[in-house]
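In the numbering used here, the protein residues as written are 1 to 384.
Don't read these hints as lab results, they were simulated from the structure. A couple of the hints might just be wrong.
Stated by the list, open to error - With a cut-off of at most 20 Å between alpha-carbon atoms, the simulated SDA-like pairs for lysine to any residue come out as follows:
{"id": "1", "residue 1": "Lys-62", "residue 2": "Gly-105"}
{"id": "2", "residue 1": "Lys-62", "residue 2": "Glu-111"}
{"id": "3", "residue 1": "Lys-271", "residue 2": "Ala-296"}
{"id": "4", "residue 1": "Lys-332", "residue 2": "Ala-309"}
{"id": "5", "residue 1": "Lys-224", "residue 2": "Glu-152"}
{"id": "6", "residue 1": "Lys-110", "residue 2": "Tyr-63"}
{"id": "7", "residue 1": "Lys-224", "residue 2": "Glu-111"}
{"id": "8", "residue 1": "Lys-47", "residue 2": "Ser-19"}
{"id": "9", "residue 1": "Lys-103", "residue 2": "Ala-309"}
{"id": "10", "residue 1": "Lys-279", "residue 2": "Gly-342"}
{"id": "11", "residue 1": "Lys-332", "residue 2": "His-317"}
{"id": "12", "residue 1": "Lys-226", "residue 2": "Thr-154"}
{"id": "13", "residue 1": "Lys-226", "residue 2": "Gln-102"}
{"id": "14", "residue 1": "Lys-47", "residue 2": "Gly-67"}
To be verified - Using C-beta positions, here's what the derived DEER-type ranges look like:
{"id": "15", "residue 1": "Glu-269", "residue 2": "Leu-5", "range": "31 to 37 Å"}
{"id": "16", "residue 1": "His-38", "residue 2": "Gly-192", "range": "23 to 29 Å"}
{"id": "17", "residue 1": "Thr-368", "residue 2": "Lys-279", "range": "38 to 44 Å"}
{"id": "18", "residue 1": "Ala-200", "residue 2": "Gly-223", "range": "28 to 34 Å"}
{"id": "19", "residue 1": "Glu-261", "residue 2": "His-38", "range": "22 to 28 Å"}
{"id": "20", "residue 1": "Ala-291", "residue 2": "Glu-139", "range": "29 to 35 Å"}
All of these numbers come straight from a predicted model, not from anything done at the bench. Ideal Cβ placement from N, Cα and C applies to all residues, glycine included.
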Amino acid sequence: MPMGLTPEIQEELDLLRDSARQLTNNRFREKAAYWDRHSIPPIENLKALGENGLAGITIDEKYGGSGATILHAVVAVEEIARACSPTAAFILANCTAAEILQKFGTERHKENYLPGLAGGDTLGCWAMTEPEAGSAASEMRTRAVEAGDEFEITGSKCFITRAQVADFFIVFARVGDVQGSAGIGAFLVDRGASGLAIGAADDHMGLRGGGSAEVILDGCRVGKDKMLIPPGSFSRIMQGLNQTRVLNPALCLGNATEAYELSVQYMTERKAFGRELMKFQGLQWMLADMATDLEAMRALIYQAAELLADGHPEAPHKAAIAKLFAGEAAFKICDRAMQIHGGYGYSREFPLERLLRDVRAFQLGGGTNEILRSRIASTIFRNA
Numbered sequence: 001m002p003m004g005l006t007p008e009i010q011e012e013l014d015l016l017r018d019s020a021r022q023l024t025n026n027r028f029r030e031k032a033a034y035w036d037r038h039s040i041p042p043i044e045n046l047k048a049l050g051e052n053g054l055a056g057i058t059i060d061e062k063y064g065g066s067g068a069t070i071l072h073a074v075v076a077v078e079e080i081a082r083a084c085s086p087t088a089a090f091i092l093a094n095c096t097a098a099e100i101l102q103k104f105g106t107e108r109h110k111e112n113y114l115p116g117l118a119g120g121d122t123l124g125c126w127a128m129t130e131p132e133a134g135s136a137a138s139e140m141r142t143r144a145v146e147a148g149d150e151f152e153i154t155g156s157k158c159f160i161t162r163a164q165v166a167d168f169f170i171v172f173a174r175v176g177d178v179q180g181s182a183g184i185g186a187f188l189v190d191r192g193a194s195g196l197a198i199g200a201a202d203d204h205m206g207l208r209g210g211g212s213a214e215v216i217l218d219g220c221r222v223g224k225d226k227m228l229i230p231p232g233s234f235s236r237i238m239q240g241l242n243q244t245r246v247l248n249p250a251l252c253l254g255n256a257t258e259a260y261e262l263s264v265q266y267m268t269e270r271k272a273f274g275r276e277l278m279k280f281q282g283l284q285w286m287l288a289d290m291a292t293d294l295e296a297m298r299a300l301i302y303q304a305a306e307l308l309a310d311g312h313p314e315a316p317h318k319a320a321i322a323k324l325f326a327g328e329a330a331f332k333i334c335d336r337a338m339q340i341h342g343g344y345g346y347s348r349e350f351p352l353e354r355l356l357r358d359v360r361a362f363q364l365g366g367g368t369n370e371i372l373r374s375r376i377a378s379t380i381f382r383n384a
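Just need the whole structure built from these sequences, with the hints factored in.
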């Protein structure tokens, strides 16, 4: 049981895990390899998530959501990611969009967007990264200029996950000529907005069903009522990343758990030199290291989620630690699992090579390992 949880909440989480596992095995697992192989976003799964209260699990019940905590979202993402990372990432996308809308949106914004997110009818998308402003978000060049009752947004965003299928985008842009982070604001841009175009699909190594693409804003016009966060609020914008930095590692945890359990099963059933693989000490030690990393991952992620749900001031620091550790540990676990499986692990006929490709993305997206290390160190010395 994660620290601080009552038996009642733990029972809720256990029931949620069982429900998510059943949904995953019945609806998502069978076609996961197909979506990956053909680079198809599994958008058909979004409605199934909505019907089961998962698409908008953290959205307030007033707007059709489940009203659950970020820890509940972590459990759902973790379980679904065991079979299909892009489907689990739909929950991440909608929870992140909903977090920003619920914290900073007007009542009109909430009424227009949250019910669709909660029901699995619409998909939100976070559009920040640019060709020359990745980790250095404050250097972005996309600009929003006032034009009467509207803003005209010009620029481009790259590697935007779910851009191929998103219904609306939370677009970050520099408002006017103010330099640095102080000039950055956020806008709600609907898919059909004039001047918005989606570029060619990204041909990524992993998360091939993630729907990643370039987002092009060529004089894209939106009403002034579409400004979600005004300039001068960059620190508030970054609060949305705290949730991402908990849900991203939850995806890692799901991938790694699947790889670990496949390895346990394989070592139990497979024989070499007349003995089960589980009798070989070298492989036993590999499995022991995998189990240790899994337990550490889960403890860090759940702790960060609990602190974030409570609004604890240490939550951003703990979330950064959880994401850094989970990204590296999950890749290591999946790599060891492939080694245990030998040639079978390297074959596309089995899920391990897909798990390894998918999990590598999380050392880049949502904050690179280098940025996370810098942030963690900065917090350490600030509090020294």
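The hints, checked one at a time:
1. Lys-62 <-> Gly-105: Holds. Lys-62 to Gly-105 sits at ~15 Å (cutoff 20 Å).
2. Lys-62 <-> Glu-111: holds (9 Å)
3. Lys-271 <-> Ala-296: violated (30 Å)
4. Lys-332 <-> Ala-309: Answer violated: Lys-332 to Ala-309 is near 29 Å, above 20 Å.
5. Lys-224 <-> Glu-152: holds (10 Å)
6. Lys-110 <-> Tyr-63: Roughly 8 Å separates the two Cα atoms, so the pair holds.
7. Lys-224 <-> Glu-111: holds (17 Å)
8. Lys-47 <-> Ser-19: Given that 20 Å is the threshold and the Cα spacing comes to 16 Å, the pair holds.
9. Lys-103 <-> Ala-309: The hint holds at about 13 Å.
10. Lys-279 <-> Gly-342: The hint holds at about 17 Å.
11. Lys-332 <-> His-317: Roughly 23 Å separates the two Cα atoms, so the pair is violated.
12. Lys-226 <-> Thr-154: holds (15 Å)
13. Lys-226 <-> Gln-102: holds (15 Å)
14. Lys-47 <-> Gly-67: Given that 20 Å is the threshold and the Cα spacing comes to 18 Å, the pair holds.
15. Glu-269 <-> Leu-5: 31 to 37 Å: holds (35 Å)
16. His-38 <-> Gly-192: 23 to 29 Å: holds (26 Å)
17. Thr-368 <-> Lys-279: 38 to 44 Å: Given range 38 to 44 Å: holds, Cβ gap about 41 Å.
18. Ala-200 <-> Gly-223: 28 to 34 Å: holds (29 Å)
19. Glu-261 <-> His-38: 22 to 28 Å: Once the Cβ atoms are compared, 26 Å apart, the range 22 to 28 Å for His-38 and Glu-261 holds.
20. Ala-291 <-> Glu-139: 29 to 35 Å: violated (42 Å)
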